[in-house]
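A.B. asks: Okay, here's what each chain looks like letter by letter:
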Amino acid sequence: MAYDKFTTLISTAVPLPTENVDTDQIIPARFLKATEREGFGDNLFRDWRYDVEGNPKKDFVLNNPTYSGKILVAGKNFGSGSSREHAVWAIYDYGFRCVVSSFFADIFKNNCLNIGVLPVTVSPEFADKLLAAIEADPSTEIEVSLPDQKITLLSTGESESFDINGYKKDNMENGFDDIDYLLNMSSEIDAFVANR
Amino acid sequence: MEKKTLFDKIWDSHVVKSVPSGPDVFFIDKHFIHEVTSPVAFLNLEKRGIGVKYPERTIATPDHNVPTVDQDKTIKDQLSRMQVEKLRENCKKYGIELHDLGSAHHGIVHVIGPELGVTQPGMTIVCGDSHTSTHGAFGAIAFGIGTSEVEMVLATQCIMQSKAKKMRISVDGELGKGVTSKDIILYIISKISAAGATGYFVEYAGSAIQSLSMEARMTICNMSIEMGARGGLIAPDETTFNYLKGKQYAPKGEEWDKAVAYWKTLKTDEGATFDKEYHFDAADIEPMITYGTNPGMGIKVVGTIPSTEGLEGSNKTSFLKSLDYMGFEPGEPVKGKQVDYVFVGSCTNGRIEDIRSVAQFVKGHKKADNITAWIVPGSREVEKMAHEEGLVKILEEAGFELRQPGCSACLAMNDDKIPAGKYAVSTSNRNFEGRQGPGARTMLASPLTVAAVAITGKITDPREVF
Ligand code: SF4
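Top to bottom, those sequences are chains A and B.
If you use this note's numbering, the first sequence closes out at 242, no skipped numbers anywhere.
If you use this note's numbering, the second sequence closes out at 1465, no skipped numbers anywhere.
Since the hints were derived computationally from the structure, they do not count as laboratory data.
Keep in mind that a hint or two might mislead.
Stated by the list, open to error - Below 20 Å or equal to it, Euclidean Cα-Cα: the simulated SDA-like pairs (lysine to any residue) are: (1) A:Lys-122 - A:Arg-143; (2) B:Lys-1008 - B:Phe-1273; (3) A:Lys-196 - B:Phe-1273; (4) A:Lys-175 - A:Thr-202; (5) B:Lys-1016 - A:Ser-232; (6) B:Lys-1052 - A:Arg-242; (7) A:Lys-175 - A:Leu-200; (8) B:Lys-1052 - A:Ser-233.
I would like the entire structure built from these sequences, with the hints used as guidance.
C.D. replies: Put into structure tokens, the structure is as follows:
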């Protein structure tokens, strides 16, 4: 479905430096049983966030009130594994609008773009810089500008530009999605099928 | 003439339109759906007030969430039941072919597609499941998609995708005794890492790959996603054609001849270039097993877990976190470690050849007392053959428990869970934390290694037992 427009986001961030965070960690399979899209945020990182009795684990970052914000700064190779879009729904439903990492898994990145969560790929050095800054001062703000394709650590002014293809950028800025685009192509698709 | 890879040939012939500075509008020949990733897609179609454009191009089966006992009864878990009922409802409403629980071709979506002959060379195939890459074994472009894309395919038979980069992985030479296609793929992933093929579509080539059966090829393509690849594919050949001939949905008569003539053109042109190439020697590959929590963390069964030497920063922390979860120490051997469960099943190794090879190995033996052994056939057809060939009897005599088809303990959405802290050696494809149940410790291996573990009760090289 069409989603919120994304232009510029200024927010504090939550650090999660673990590498190879797979979608089974983001949302374990046993929580995929819903037939609607809402409510997945409660189980985001479920098994890292709660113990078996359902008590919050103190050492997990989402249970640490020091950190909050709409940006998740994650370790390398984030979102590997299953194609479950539920992983992004959970991230969105929890309140994140942007995920930053030095490396994303393919399908995860696509899924993000399809529902309006912005995946920002930065250099490993810049990722480390962001993590260090947030950990040193949790009130550190980060600015993510989609029009300028730029991410800035506001406390120091250091910034880096990021890539996104023009079509996806346009979609995100306007809150359009691929289905809107494809539905408008119906006759071209019919012609393609007829010619095969 | 322009030299093209197999991937180029199939991709280029399915592009309806290239969006300037954007992705391609990519046409999908066949679409598989299951109960977990489709309900929201159908819900959104309804919200938009649109229908399914080409219902005959979609095929459905409930697999992820279904119980593997009493499949003829009402599903006890309320949420699972709702998902399965939604799937039935949606298939009925939109006229989509459903292979329901208990029907002759029910099973894991990636097992029944090939079995029915729906999967064919040259096709584009998607499913809301990352192991859709399995179908690439037939020389098809097959990959997993998210639910938004499931909705796109239902609504328009297209998705918006940028063409992936191209990688070729060649494995030449002869495989040693006790070495299977599962070992090949675990070996490759251990060499290039769990993210080593991200952004690529992989073609597997070389004499060792060509010598494999269709089922063994499927095991390899299945795990392409475990090194981050969008998908993997293998050029179709006589093995492919022989497998497909006579299958329910395979072309017949004159159509068959025409199809085979076309399929024979589906190979990488001599001199076509790849963005990246790897070469491996089959003789270097031995039975493999994983020791950590991503599929790149694999070693020889007779090998030792790497030490932390050379690792620093978050690399080292992540490595130690993984070993801590598994209860292992850096630098120690895995051979001889006690195991609690073995699981034979999943879309990686739940086909009839896998069950045959386990049965052949355990025949006349008994499983060790400390082992709980589950065999879950990938489909009803596999289950039926296993009965007819007397394999079930052999396995039951050895102390294995046979369950009904489904994804089962591969992702533990149903009751088939490995308890926290227990070790499972599994023929499935993912060893992520909690994948087989909260706290479960999974080690991935081939069906032969799993058979050896079942008999000895500990991590064992199959070549030493049988
Ligand atoms: S068997 Fe496992 S990997 Fe295969 S489709 Fe089912 S859950 Fe996915």
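A.B. asks: So, for every hint listed, does it hold in this structure?
C.D. replies: Right, here's what the structure says about each hint:
Annotation: proposed proximity of Lys-122 of chain A to Arg-143 of chain A holds, straight-line Cα distance about 19 Å (limit 20 Å). Between Lys-1008 of chain B and Phe-1273 of chain B, the direct Cα distance comes to roughly 13 Å. Compliance with the 20 Å bound is thereby established for this hinted pair. Taking the CA atoms of Lys-196 of chain A and Phe-1273 of chain B, the gap is near 32 Å; set against the 20 Å cutoff, the hint is violated. This hinted pair checks out: Lys-175 of chain A and Thr-202 of chain A have alpha carbons roughly 11 Å apart, not beyond 20 Å.
Restraint check for Lys-1016 of chain B and Ser-232 of chain A: satisfied, since their Cα atoms lie roughly 12 Å apart, inside the 20 Å limit. A hinted pair counts as satisfied when its Cα atoms are at most 20 Å apart, and Lys-1052 of chain B with Arg-242 of chain A qualifies at roughly 17 Å. Simply put, Lys-175 of chain A and Leu-200 of chain A have alpha-carbon atoms about 12 Å apart, close enough for the 20 Å limit, and the pair holds. Restraint check for Lys-1052 of chain B and Ser-233 of chain A: the C-alpha separation of about 12 Å stays at or below 20 Å, so the hint holds.
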